[in-house]
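Asks: Sequence:
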Amino acid sequence: MQASAFLGTSPIRQFAENWTMERILSTAEEAVTFAVDNDIPVMFVTEDTTRSKPEDIKQVYTRAIELGADRICVCDTCGHVTPNGVKQLLGFIQNEVIPDAGVSRSDIEVNWHGHQDRGLGVANNLAAAEAGADVIHGTALGIGERAGNAPLDQTLVNLSLMGVIDNDLTLLNEYMLKAHEYVEVALPRNYPVFGGDAFETGTGVHASAVIKAMKKGDHWL
Numbered sequence: 001m002q003a004s005a006f007l008g009t010s011p012i013r014q015f016a017e018n019w020t021m022e023r024i025l026s027t028a029e030e031a032v033t034f035a036v037d038n039d040i041p042v043m044f045v046t047e048d049t050t051r052s053k054p055e056d057i058k059q060v061y062t063r064a065i066e067l068g069a070d071r072i073c074v075c076d077t078c079g080h081v082t083p084n085g086v087k088q089l090l091g092f093i094q095n096e097v098i099p100d101a102g103v104s105r106s107d108i109e110v111n112w113h114g115h116q117d118r119g120l121g122v123a124n125n126l127a128a129a130e131a132g133a134d135v136i137h138g139t140a141l142g143i144g145e146r147a148g149n150a151p152l153d154q155t156l157v158n159l160s161l162m163g164v165i166d167n168d169l170t171l172l173n174e175y176m177l178k179a180h181e182y183v184e185v186a187l188p189r190n191y192p193v194f195g196g197d198a199f200e201t202g203t204g205v206h207a208s209a210v211i212k213a214m215k216k217g218d219h220w221l
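Numbering of the sequence shown is given in the working numbering, commencing with residue 1 and proceeding in unit increments.
Simulated from the structure, these hints should not be mistaken for lab results. Since the model is a prediction, treat every value here as computed from it, not as a measurement. The C-beta atom is built at its ideal place from N, Cα and C for all residues, glycine as well. Keep in mind that the hints are not guaranteed to be accurate.
What follows is a set of in silico ranges between Cβ atoms, one per label pair, in the way DEER data are often shown [stated by the list, open to error]:
| id | residue 1 | residue 2 | range |
| --- | --- | --- | --- |
| 1 | Glu-96 | His-206 | 32 to 38 Å |
| 2 | Asp-218 | Asn-173 | 20 to 26 Å |
| 3 | Pro-188 | Asp-107 | 20 to 26 Å |
| 4 | Leu-177 | Asp-107 | 27 to 33 Å |
| 5 | Asp-117 | Asp-168 | 20 to 26 Å |
| 6 | Ile-40 | His-206 | 27 to 33 Å |
| 7 | Asp-100 | Phe-199 | 31 to 37 Å |
| 8 | Thr-203 | Met-1 | 36 to 42 Å |
| 9 | Pro-11 | Asp-218 | 52 to 58 Å |
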């Protein structure tokens, strides 16, 4: 079990809520201290990290880590960032924020949480993996509010193809079908990897090449 202390840090949220950084830091201190005092591992989560000021991110994460948070979550709450931005942000957190809190990188679990508003959820997850994130969030079929969360299924397949993970993904297709059935979220026929048409072709030149390969006994190709 872990506690996730969740708090918005972007100027947009600060304006809407009439929050000052002093108020944010005080709230963060109270939440993290409560969890630590009750022997609950705590992850400190900043909402809308990708639209927050670097100096604000640094202040709040540093304080949370100093008080005992051993996990942090970096969030692209509105699907705003690009893959290059993910790498820049995670680099900043790992190379500047964590050391300034007086701990080593290996002492802190870094989580990445992304959304699909710009259709970059999977690309950003892969960038987070390349940038050194320890845990990457996602949901089946990208289920989530607005345009959805980063699709966990596509993330896993791509990380496997890239050689980043070696997990057995044999049951992933069944998992996707169950999510589609139980949550009643559409599984489009053209959905990457798992859609009904993902490995079909109707274009003449492509179909011809497939047939020729099969005649040569190469069904994998």
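Asks: None of the hints should be skipped; say for each whether it holds.
Replies: Results for each hint:
no. : hint                             : result
1   : Glu-96 with His-206: 32 to 38 Å  : violated, 49 Å
2   : Asp-218 with Asn-173: 20 to 26 Å : holds, 23 Å
3   : Pro-188 with Asp-107: 20 to 26 Å : violated, 43 Å
4   : Leu-177 with Asp-107: 27 to 33 Å : violated, 40 Å
5   : Asp-117 with Asp-168: 20 to 26 Å : violated, 32 Å
6   : Ile-40 with His-206: 27 to 33 Å  : violated, 55 Å
7   : Asp-100 with Phe-199: 31 to 37 Å : violated, 49 Å
8   : Thr-203 with Met-1: 36 to 42 Å   : violated, 52 Å
9   : Pro-11 with Asp-218: 52 to 58 Å  : holds, 57 Å
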